[in-house]
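**Q** Kindly generate the complete structure, drawing on both the sequences and the hints.
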Amino acid sequence: MGRDRGVSLPRWVFVPAVIGATFVVLPLIAIITKVDWSHFGDLITSDSSRAALWLSLRTSAASTVLCVAIGVPMALVLARTSFPGQRLLRSLVLLPLVLPPVVGGLALLYTFGRRGLLGHVLEVMNIQIAFSTIAVVMAQTFVALPFLVVSLEGSLRTAGHRYEVVAATLGASPSTVFRRITLPLVMPGLLAGAVLSFARALGEFGATITFAGSLQGVTRTLPLEIYLQREEDPNAAVALSLVLVVVAVLVIGLARPERARL
Amino acid sequence: MSLDFRARVDDRGLDVEFAIAPGETVALLGPNGAGKSSVLSLVAGLLHPDSGQVVLNGRTLVSTSDGTDLPPHRRHVALLAQQPLLFPHLTLRENVAFGPRSLGRPRGESRNQADLWLARVGVADLAARKPAEVSGGQGQRAALARALAVDPQLLLLDEPLAALDVAVAPDLRHTLRQLLADRTALLVTHDVLDALLLADRVLVLDHGRIVEHGPTREVLSHPRSPYTAQLAGLNLLSGTWQDDHVVLPDGTTVHGLVAGPPPSSGEPVVATFRPHAVAIYPDQVAGSPRNSFDVQITEIEPLGDLFRVRTERLSADVTAQAVVDLGLAAQMPVRFSVKATEVAIYGL
Numbered sequence: 001m002g003r004d005r006g007v008s009l010p011r012w013v014f015v016p017a018v019i020g021a022t023f024v025v026l027p028l029i030a031i032i033t034k035v036d037w038s039h040f041g042d043l044i045t046s047d048s049s050r051a052a053l054w055l056s057l058r059t060s061a062a063s064t065v066l067c068v069a070i071g072v073p074m075a076l077v078l079a080r081t082s083f084p085g086q087r088l089l090r091s092l093v094l095l096p097l098v099l100p101p102v103v104g105g106l107a108l109l110y111t112f113g114r115r116g117l118l119g120h121v122l123e124v125m126n127i128q129i130a131f132s133t134i135a136v137v138m139a140q141t142f143v144a145l146p147f148l149v150v151s152l153e154g155s156l157r158t159a160g161h162r163y164e165v166v167a168a169t170l171g172a173s174p175s176t177v178f179r180r181i182t183l184p185l186v187m188p189g190l191l192a193g194a195v196l197s198f199a200r201a202l203g204e205f206g207a208t209i210t211f212a213g214s215l216q217g218v219t220r221t222l223p224l225e226i227y228l229q230r231e232e233d234p235n236a237a238v239a240l241s242l243v244l245v246v247v248a249v250l251v252i253g254l255a256r257p258e259r260a261r262l
Numbered sequence: 263m264s265l266d267f268r269a270r271v272d273d274r275g276l277d278v279e280f281a282i283a284p285g286e287t288v289a290l291l292g293p294n295g296a297g298k299s300s301v302l303s304l305v306a307g308l309l310h311p312d313s314g315q316v317v318l319n320g321r322t323l324v325s326t327s328d329g330t331d332l333p334p335h336r337r338h339v340a341l342l343a344q345q346p347l348l349f350p351h352l353t354l355r356e357n358v359a360f361g362p363r364s365l366g367r368p369r370g371e372s373r374n375q376a377d378l379w380l381a382r383v384g385v386a387d388l389a390a391r392k393p394a395e396v397s398g399g400q401g402q403r404a405a406l407a408r409a410l411a412v413d414p415q416l417l418l419l420d421e422p423l424a425a426l427d428v429a430v431a432p433d434l435r436h437t438l439r440q441l442l443a444d445r446t447a448l449l450v451t452h453d454v455l456d457a458l459l460l461a462d463r464v465l466v467l468d469h470g471r472i473v474e475h476g477p478t479r480e481v482l483s484h485p486r487s488p489y490t491a492q493l494a495g496l497n498l499l500s501g502t503w504q505d506d507h508v509v510l511p512d513g514t515t516v517h518g519l520v521a522g523p524p525p526s527s528g529e530p531v532v533a534t535f536r537p538h539a540v541a542i543y544p545d546q547v548a549g550s551p552r553n554s555f556d557v558q559i560t561e562i563e564p565l566g567d568l569f570r571v572r573t574e575r576l577s578a579d580v581t582a583q584a585v586v587d588l589g590l591a592a593q594m595p596v597r598f599s600v601k602a603t604e605v606a607i608y609g610l
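Read top to bottom, the protein sequences are chains G and V.
The first sequence begins at 1 in the working numbering and counts up by one.
The second sequence begins at 263 in the working numbering and counts up by one.
Note that these hints are calculated values from the structure, not bench results.
None of these values were measured; they are calculated from a predicted model.
Where hints are given, some of them may not hold.
[As the list claims (entries may be wrong)] SDA-like, lysine to any residue: derived pairs with alpha carbons at most 20 Å apart:
1) V:Lys392 - G:Arg58
2) V:Lys392 - G:Tyr163
3) G:Lys34 - G:Asn235
[Claimed, not checked] Across the chosen pairs, the derived CB separations fall in these ranges:
4) G:Val25 - V:Glu371: 58 to 66 Å
5) V:Asp272 - G:Arg80: 23 to 31 Å
6) V:Thr322 - G:Leu183: 30 to 38 Å
7) V:Arg479 - G:Ser173: 55 to 63 Å
8) V:Arg369 - G:Val25: 14 to 22 Å
9) G:Pro234 - V:Arg391: 40 to 48 Å
[As the list claims (entries may be wrong)] Computed from the model, here is a short list of chain V residues facing chain G with C-beta under 8 Å:
10) Phe349
11) His351
12) Phe360
13) Val396
Ideal Cβ positions, reconstructed from N, Cα and C, are used throughout, including at glycine.
**A** Written out as structure tokens, the structure reads:
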């Protein structure tokens, strides 16, 4: 019986590959070994822990919804139209991928903060954004949005627009084509992008602490709680870290099969 | 349902003007890159002309003089391409119902329409399947049903049979022939059989210009451009089917292989074979192969490495050696012979 074995890899490739895998996996194991299992339940169900976890899940979910709501139109415009300055715009939209999150947080603060660019306007309208839960969602959306846009734009380009052309010649209006053809065809990419955005929002730290501060139950998300507990109660920090690892693994596990289909 | 087309696209070197009468099917023939697909794109609204106008049934689809430019979904022009391009996430029934639904018909009525059309193209039993679960030929049938289900004022066909197996193309061509009978359609092809069997009239496009036009048989029997001559090299004999062979009007019989659904006795058919398949014998040779035609040579012309020997109705491609050996010359009576396995017979 034949077995497709493709072209063999050079043997030496396995050495750095194994070192790399160890480099990623070993710290995870280290965390698990540090967990104080006898008090694990108490540690992750303390008031502050529960508040932080609940806040993290709520804000990450909200920012994922926001990412989908504004990221899908952005990806469509980038993938299906052409206009002068489009390349530049794409680079700018993707900037938060490489920007240190703290810088992103500062930028948001100087835009929506009380003394920021829009601060006066917001003050007149009696809207206070900085250091509120809304600020947390905005910070998370800011850093997570590019993940959704990149993922979806790739799917849109892979799917091509031939089906959309056929649908249009059958009398479907652009909105109908989007709803019944484009969206279902790129759904795997959209789901993958949404899951990645959620994961990125869940882990967000720098932009959040800069723009939203660290107020228990209001802006102190799980990563912030872990950072603060690190000194006061290292055992609680480790236990919460494990919770975050588990949530992240679940999220990536959900996203994986979808990505494989792209 | 008539079409008036006049358009110029400068960067593609296209400058074309033609009309299609109501109920007429026109074939657009031409070599690759001649601009055939651009013409379809212009009619469908996927390409904008530098100048010109396209009018369907008195409705201006696009006009550069008054700025009209209807989007594709308002043109009532359906497109059947080489690939079925069935929406992969919908069943065949949902695919066909997509058009009627998009035009605002109720769900139930659209489904009934879809089932009706799927039955007309012969894939009713596959209605619940997804496109990935049917063959290329079945998919193309469903795509045809989908295009016709919107009752388009003009049907655009872009080499609809080119991607299909030679085994299934004749059947689908037959179906197309029945469904196109009284429809206004524009067919892009470079298969002479498609033009012969599906179109009333042909336009030959070369380098962005129409170089020949007229009724299909006339253009193909008296080709004036090299491209048409090469294309029209196919020998074509019309007759009626009798038991297991074709009888020509002059009583000659032709044997061959039936492509597509078998005809019944008395039905009109055409027999086709390539000039390459013809062997030439001196007139008085004894014995007779199954298919032989006593003909008189009208002209002999070089065609690449070969010579094309033309007669009133048929042509044969032979080597220079054969021309010399047989002493072939114009006016000479000879016998053309062709094996039955080289003859393809199509029901009309």
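**Q** If you check the beta carbons of threonine 322 (chain V) and leucine 183 (chain G), does the distance land in 30 to 38 Å?
**A** Taking Cβ atoms as reference, threonine 322 (chain V) and leucine 183 (chain G) lie about 33 Å apart, which means the hint holds.
**Q** Does asparagine 235 (chain G) sit within 20 Å of lysine 34 (chain G), going by the straight-line distance between their CA atoms?
**A** Holds - the C-alpha atoms of asparagine 235 (chain G) and lysine 34 (chain G) are around 8 Å apart, at most 20 Å.
**Q** Honestly, do arginine 479 (chain V) and serine 173 (chain G) meet the 55 to 63 Å range at C-beta?
**A** Taking Cβ atoms as reference, arginine 479 (chain V) and serine 173 (chain G) lie about 43 Å apart, which means the hint is violated.
**Q** Check the following: the C-beta atoms of proline 234 (chain G) and arginine 391 (chain V) are separated by a distance inside 40 to 48 Å.
**A** Violated - the Cβ-Cβ distance for proline 234 (chain G) and arginine 391 (chain V), about 60 Å, lies outside 40 to 48 Å.
**Q** Holds or violated: is the Cβ of histidine 351 (chain V) closer than 8 Å to a Cβ in chain G?
**A** 5 Å, holds
**Q** Could you check if phenylalanine 360 (chain V) really has its C-beta closer than 8 Å to a C-beta on chain G?
**A** 6 Å, holds
**Q** Given a hinted range of 14 to 22 Å, is it respected by the beta-carbon distance of arginine 369 (chain V) and valine 25 (chain G)?
**A** Violated: the Cβ-Cβ distance is about 53 Å, outside 14 to 22 Å.
**Q** Do the Cβ positions of valine 25 (chain G) and glutamate 371 (chain V) conform to the proposed distance bound of 58 to 66 Å?
**A** Holds - the Cβ-Cβ distance for valine 25 (chain G) and glutamate 371 (chain V), about 59 Å, lies within 58 to 66 Å.
**Q** Check the hint pairing lysine 392 (chain V) with arginine 58 (chain G) against an upper bound of 20 Å on the C-alpha distance.
**A** Measuring from Cα to Cα gives roughly 39 Å; hence the hint is violated.
**Q** Once the shortest beta carbon distance from valine 396 (chain V) to chain G is found, is it less than 8 Å?
**A** Nearest chain G Cβ about 17 Å off; hint violated.
**Q** Tell me if the interface restraint on phenylalanine 349 (chain V) is satisfied: Cβ within less than 8 Å of some Cβ in chain G.
**A** 6 Å, holds
**Q** Are aspartate 272 (chain V) and arginine 80 (chain G) spaced within 23 to 31 Å by their CB atoms?
**A** 25 Å, holds
In terms of the numbered hints stated before, the structure departs from hints 1, 7, 8, 9 and 13, listed from lowest to highest.
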